[in-house]
Structures are given as C-alpha cells and as structure tokens.
Amino acid sequence: DAGITQSPRHKVTETGTPVTLRCHQTENHRYMYWYRQDPGHGLRLIHYSYGVKDTDKGEVSDGYSVSRSKTEDFLLTLESATSSQTSVYFCATYADRSSYEQYFGPGTRLTVT
Amino acid sequence: GNSVTQMEGPVTLSEEAFLTINCTYTATGYPSLFWYVQYPGEGLQLLLKATKADDKGSNKGFEATYRKETTSFHLEKGSVQVSDSAVYFCALAHSNYQLIWGAGTKLIIKP
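Note that the protein sequences, when read in sequence, are chains H and A.
So that you can map any letter, position 109 of the first sequence is 109 in the numbering used here, and since no number is skipped, the others follow by simple counting.
So that you can map any letter, position 72 of the second sequence is 1072 in the numbering used here, and since no number is skipped, the others follow by simple counting.
Simulated from the structure, these hints should not be mistaken for laboratory data.
In this text the structure is predicted, and so the values were computed from the model without any measurement.
Do not rely on the hints blindly, as some may be mistaken.
To be verified - Covered, in the sense of this in silico footprint (three residues per stretch, anywhere, with C-beta under 8 Å from a C-beta of chain A), are these stretches of chain H:
id, region
1, 9-18
2, 31-42
3, 45-55
Said to hold, decoys possible - Here are the in silico distance ranges between beta carbons for each label pair:
id, chain 1, residue 1, chain 2, residue 2, range
4, H, Gly-40, A, Gly-1041, 16 to 26 Å
5, A, Asn-1002, H, Arg-109, 28 to 38 Å
6, H, Glu-79, A, Glu-1076, 38 to 48 Å
7, A, Lys-1056, H, Ser-80, 46 to 56 Å
8, A, Asn-1002, H, Tyr-50, 17 to 27 Å
9, A, Gln-1081, H, Ser-7, 28 to 38 Å
10, A, Ala-1053, H, Ser-69, 39 to 49 Å
11, H, Lys-70, A, Leu-1013, 41 to 51 Å
We put the beta carbon where it would ideally sit given N, CA and C, even for glycine.
So here's chain A without its partners, still in its complex pose:
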C-alpha cells in the first residue's frame, strides 16, 4: 500500500544553516505530494505541493522537487530562521480523497 517515510527528528540547526528534511514515498501511480507545517499550538497548514514528476513546489523560501526516479520529495531551505521552528509533515494524496501522512519531523532552530 501507499506510505510515506520521513527522517526522524528532532532536527536542530543554527540560524542561517541549510535545511534538508528527507521524505520518501511508496505509491502506485503518480500521486500529488505535499509538505505541511505545524507551528506550536496550531493546526497544520499547507506549505507547498507538487502534482507531477519533476515539479518543484516552493513557498516562504522552502522548496521540494517531486523525484519519481528516487520516489522522494525532500524539503529544503537555504537559510533557516528561528521562526521556522515547527513540525513538518510530508504527505501524499490517496485515491479516496485522503492524505497518507508521514510521522512528522520536528525542526528546532537556535539563534
């Protein structure tokens, strides 16, 4: 069945460091892929998405590229800020209007 695997956290970085959070998936066909972010005490919100192979989603300085050959959708940001501290979830679209979720990766940015 479909599944999403994310790197375990927490990931701790210094401000202005480069960020990568790995996400790989198993799926039939070519599902849409998503990154959601959850700030402390809040619900999840969509960060970016990609709907087909080689698409790059981007938002707020974050990017992720849909790599069909490696079944990956890694999240990257060139220079993180303290305000990026949050939990990040990778997800893929399931056929019956559901999302399949990764376990989430907590990101801690230190000033």
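Same shape as in the complex, but just chain H:
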C-alpha cells in the first residue's frame, strides 16, 4: 500500500462551478498522475507531475489545471465544471524508474449536474 489518499471521495457540483480534487501521498514518490475513468474509455491521462512545480499535459487536459507545491500533494482543478467532466478521477504515483509500476489512490467520483 503506497499511502495515497484522495479527497473528497465523492462530490456533486453544478455546471460552471470550480472544483479542486486533492491527492496526497506519504511515500515521497517523485512522479504523480491524474487520470479519469469513463465507461468504454479505460483510463485517460489528464496531467502528470515529475517534481515540485513541474507538470505536463496528458491526452485529455482541456478544462483541467494542476498544481504541485509540495512533493506529497498534487491538486487537480476544474476551473468551470461541465457535465462532460462527470467521471471517476484517480491519482497515481510512480515510485521506481526501473519498474514503471504505478500505485493508485481509491478514486474520487465527481458528478456535475
């Protein structure tokens, strides 16, 4: 267990409101990722971070921003939530450059009404 927590675990919000999801890890892993999981699409990478204040876009980054001011925290922000962003969001960390193994948090279920 890599000690990854996500908050909140469930959230319902209205279209147009800002939303921030938090990922917290206790393992001092350098790399962190945000994915979304939708039926028929598997996992899609939103953004990732390769160090404090170092982030990059994934394949579905439009409408999302991230920040990483500390090694242990990686925040995902939806500036103005839309119904298409209703999804389950997973945070993951990457521990070992030689193994590529990723560890996942429990997920956040976000519903945008």
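Once you've looked at the hints, dock chain A against the given chain H.
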C-alpha cells in the same frame, strides 16, 4: 505510436473455468508490460508484470507471458473464483514515465 488492445468485455465465466483475456500491443523497442486489476469501488493495483521477451509474470494464480513474436501479453488463470470478478487492464511502459493503457476488460464469475 504505442498502443494496447484488449478484448472487449464483459467476459462471463462459471467458477472453476479457465480464463484467458487477450492483450496485444504496438510499440517500438521492448517495453515492460503489465496487468492491473480493479476490484469494485477501488483503485487499480498491479497484478503482474514482465520486463523482457519470454518473461512470465505471475501472481494469485494468474499468469501472462511476454510474447515478442506475436506482440501479446495474454492473461490466464486455470480456475477462476467469484472473488476474481473485477476489471482487468493491460498496459505497457512508455518512455517518459507513463503507462499506455488498454480499455479494460470486465470479468464476471458466476457461482
């Protein structure tokens, strides 16, 4: 570019049946290959992996062999249990510390 293709689900089997979930990949070089499992309501967790051709990964009775000649990494288990019901994801390691994911295969085991 790199990609992973998995068989579509759901796959429905009876308890004690033999399981195969197909996974094929397209990649340059020889990337590491993975199977992850997601139980209901949980995040993904690594099930097994293989880092080079002909390697066999195994865990919890599941096995997969890295076949370079057929670019495949099929997941197998000889006798499935109800507790194996989950979504299974095949993935390959990308050069910039990312994983390329298959779409996932839902497995349903009936008692």
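For each hint, the structure was consulted:
1. 9-18: Violated: only 0 residues of the region 9-18 of chain H have a Cβ under 8 Å from chain A.
2. 31-42: Satisfied; 5 residues make the cut.
3. 45-55: holds (count 3)
4. Gly-40/H - Gly-1041/A: 16 to 26 Å: holds, 19 Å
5. Asn-1002/A - Arg-109/H: 28 to 38 Å: holds, 29 Å
6. Glu-79/H - Glu-1076/A: 38 to 48 Å: About 45 Å separates the Cβ atoms of Glu-79/H and Glu-1076/A, which means 38 to 48 Å holds.
7. Lys-1056/A - Ser-80/H: 46 to 56 Å: Check passed, 49 Å falls within 46 to 56 Å.
8. Asn-1002/A - Tyr-50/H: 17 to 27 Å: holds, 19 Å
9. Gln-1081/A - Ser-7/H: 28 to 38 Å: holds, 33 Å
10. Ala-1053/A - Ser-69/H: 39 to 49 Å: holds, 42 Å
11. Lys-70/H - Leu-1013/A: 41 to 51 Å: The hint (41 to 51 Å, Cβ to Cβ) holds, given that Lys-70/H and Leu-1013/A are roughly 46 Å apart.
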